[in-house]
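**Q** With the hints as a guide, bring both chains together as one complex.
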Amino acid sequence: MKYAYFPGCALKSSAIEYDMSTQAVAGKLGIELLEIEDWICCGATPAHLTLHLLSLALPVKNLLKAQKEKLEVVTCCAACFNRLKVANHFMQTDEEHRVKVNTIVHANYHGDVAVKHLLEVLINDYGLENIAKAVVKKLENLKVASYYGCLLIRPPEIMKFDDPEDPHAIDDLMKVLGAEAINWPYKHECCGASFSIARTDIVLRLTNDVLRMAKEAGAEMVVVACPLCHSNLDMRQMDITQKYHKCYALPILYFTQILGLALGIEPKKLGLDKHFVDPMKLLKKKGII
Amino acid sequence: MKWFVSHQTLSSDFLKEVEWISGETFSHCYQCGKCSAGCPISFEMDYLPNQIIRMVQLGMKEAVLQSKTIWLCVSCITCTTRCPRNIDIAEIMDALRRMAYKYKIRAAEHDIFIFNHVFIKNIEWFSRLYEFGLIGSFNLFNGKLFKDILKGPQMFLKGKLSLLPHKMRSKEVEELFKKSRELAGTK
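Residue numbers (the numbering used here), protein chains in the order written: chain B, 1 to 289; chain P, 1 to 187.
There could be a bad hint or two in this list.
What the hints assert, rightly or not - Below, in silico cross-link-like pairs of lysine-lysine (DSBU-like), each with a Cα-Cα straight-line distance of 30 Å or less: (1) B:Lys269 - P:Lys104; (2) P:Lys2 - B:Lys285; (3) P:Lys121 - B:Lys12; (4) B:Lys269 - B:Lys284; (5) P:Lys167 - B:Lys68; (6) B:Lys175 - B:Lys68; (7) P:Lys171 - P:Lys121.
To be verified - From chain P, some residues computed to sit far from chain B (all C-beta separations above 12 Å): (8) Ser6; (9) Gln8; (10) Thr9; (11) Asp46.
Claimed, not checked - To be clear about the criterion: a stretch of chain P counts as covered by chain B if any three or more of its residues have a C-beta under 8 Å from a C-beta of chain B, and this derived list gives those stretches: (12) 75–83; (13) 104–116.
Derived from the structure by calculation, the hints contain no laboratory data.
By construction, the Cβ of each residue, glycine as well, lies at the ideal position given by its N, Cα and C atoms.
Next up, chain P with everything else stripped away, as it sits in the complex (with noise of 0.2 Å):
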């Protein structure tokens, strides 16, 4: 019997929100690998972006979520560009990340999932990005208080880095970010 990877085939409800999310159809894909051979990251990662997008077809919900894939994407879009079914695979990766934050899965690349955090909480804080304060903080959290630190005073006798902040919290960037949070809750 014939059996072809289609809508109609291949169906569950993983699949479904990962393609409302990210606006991709995954039927589309047929596996020709051009993805993962032009991904820099890819040998650093548990599966491929090939096979995170067969395992996303196949419903694999857990496995896609917990992998480290997913967090190595360094959003070079080298995928999208040299896909020939005109996948967006950097998106799929966007929204599988943003999937893994909703159910509050733990990243398997923690380091990354900390920075990110991090960043957007500065951003927050400083409307601008406070470097210094990013650095700091990350090395807090992750317990290495004395990764780079070499780096710093060099940096800031070539005037580099600011120990301040350009700016601060404004009402502006508090509004912006409470409004896409209430917002967000939709997709």
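Pulled out of the complex, with its shape left as it was, chain B reads as follows (with noise of 0.2 Å):
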């Protein structure tokens, strides 16, 4: 199994530990990962709330170096996977856009090379039940809410990745894995996304409304799939806490790292000393590691 891998900007930095995971995960499954070469950003959103066809056409340049490979593409971070997406869609039903976009990145490009996220990959090429053949440790008594965020799962015609009002692809990962994926309502709202920097009263109002709905449903952890919900869940916890001075302590996990665990993979290799809320008492108390 072999893919053109997209890490995206933040994997490489604020979320350095997804990459770490992914890497990591994909190595011990077998699954080869290659980077493409002088990838650039895909925009994510501010390329298209500003200029409509750089938007499209900063992912097809990157879509165009995957398919000089021949191979699939991979990603993991769901700004990424939509923006990559979104472009594929464009380019093969709008010829007007088709046309410009072209124009602008010199190709004949008619979105046809394949966008997957790695929960895609995992899921459906490389299959649950073989992942549960490679589980070395179960993750049992540990209660997980799958938190899937935004643009992961819509608008559900272009991103035709899992329900976009009940999700369960992250769900039905944790419990090959051993856990219990609990139920909880507030499993895809939104985190407040870009507006960390910009308005961070708003995703500090958002999240806050996220982590206490996980924490009623009797989560003791959060698994995420985005690079910016997992910042806004974890790097802001604190700043929850102390506007609405409500203690979560609750560690937010990416799914790659959760899994890596259960596979047997060491936490440092993982990146799980790289949050703000230290996930490893929990951990520890599980018997986790």
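**A** What follows is the structure, encoded as structure tokens:
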């Protein structure tokens, strides 16, 4: 299994533990991730708010590089996943945009490079049964709230990944690892995304609601698949505590980190020491490490 | 006399322009309010998403482009997912932001506008997001030099913040930006 890997900017910087754990897990499972050479930023949200053509050209430029390698693209960042898929959608269905973007990137691209999220690769390509066989440490008695965020599953016509109102991909993976995936109502409520810097107050309000709901539903940990969701729930958890006078002490982990633990990979390789809300105490208590 | 909301009864240059830029048909909206009900930022908006749609239908250009709403939309795409008339409200918000940009209307949420601008400039210069540069320049433009200042060292010590950019300006990215701006004149 070989894929062209598009890490995106966050995974090489503020979400480095997501990249570390992805590489560690892929290595353990025998999934080859070939990082796209000289990849550039996908534009994320700011691009499509300002320059529509740019927001399509940036992802297409990256997809062209993968096309050269004749590989499917896999990414972990929800925003990158969304932008790559949206770019493909426009290149496939909208002739006017296809012509303009192809003019910008000097190519004749028709949106045919397949783009997958790592969750899809694990669940569909690798198979949950095979992951179950590779598990060496069952994560018993661990109550996990799977948090999907927005861009991973919306808009459903383009993303074609999981149910947009009742997603279950991360929950399915957690169950296979032996954890208890709790049912809770805020699994895809927005965390405030890119407002983390410009309107931190909004992010704190939204993430406070998410954490409160997770805690009330009995979660001991929240598992995410997006670097911005992680940052807002983890890096800003202390700010939430200061503003709302509520201490949640909920560790926020990437699904790759939790998977890595179940596969027997050591915590340091998974970047578990890089979180603001320390997960080690909980993991030790549960006998996972 | 019966009166229906349709392309015949509601028509203004503003409505026509928004429809052309967004590719959406505004007369389809029957004001069910599902978009506003699901919007996570509705609490902070001056006009709810469904009100913005109605205002566009009525040709209220200044009120719409000067609203806080269009900038507070966080692109979570919940509205688009839930609209029973398949209207892409998130795309409409994008189109309205681009129009505000085009008509040089001062963004009601100036911080958000600055952030987007700084982000785009950052990737234009560094090909990949240079986070330290992003936060530094945003704080500088914003005048809030010490916002999140304690986070910086913490991130750096955890190896999550690089003091230098990973990549530098490339001809490839420069070309991309230049051509996108040139062709954008048409839409």
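**Q** It remains to establish, for every hint, whether it holds in the given structure.
**A** Hints and how they fare:
1. B:Lys269 - P:Lys104: violated (49 Å)
2. P:Lys2 - B:Lys285: Distance of about 70 Å is beyond 30 Å: violated.
3. P:Lys121 - B:Lys12: Measuring from Cα to Cα gives roughly 19 Å; hence the hint holds.
4. B:Lys269 - B:Lys284: holds (17 Å)
5. P:Lys167 - B:Lys68: holds (22 Å)
6. B:Lys175 - B:Lys68: Distance ~38 Å between lysine 175 of chain B and lysine 68 of chain B Cα, so the pair is violated.
7. P:Lys171 - P:Lys121: Measuring from Cα to Cα gives roughly 15 Å; hence the hint holds.
8. Ser6: holds (26 Å)
9. Gln8: holds (27 Å)
10. Thr9: At roughly 29 Å from the nearest Cβ of chain B, threonine 9 of chain P sits farther out than 12 Å, so the non-interface label holds.
11. Asp46: holds (14 Å)
12. 75–83: holds (count 6)
13. 104–116: holds (count 6)
Hint check: violations occur at hints 1, 2, 6; the rest are consistent with the structure.
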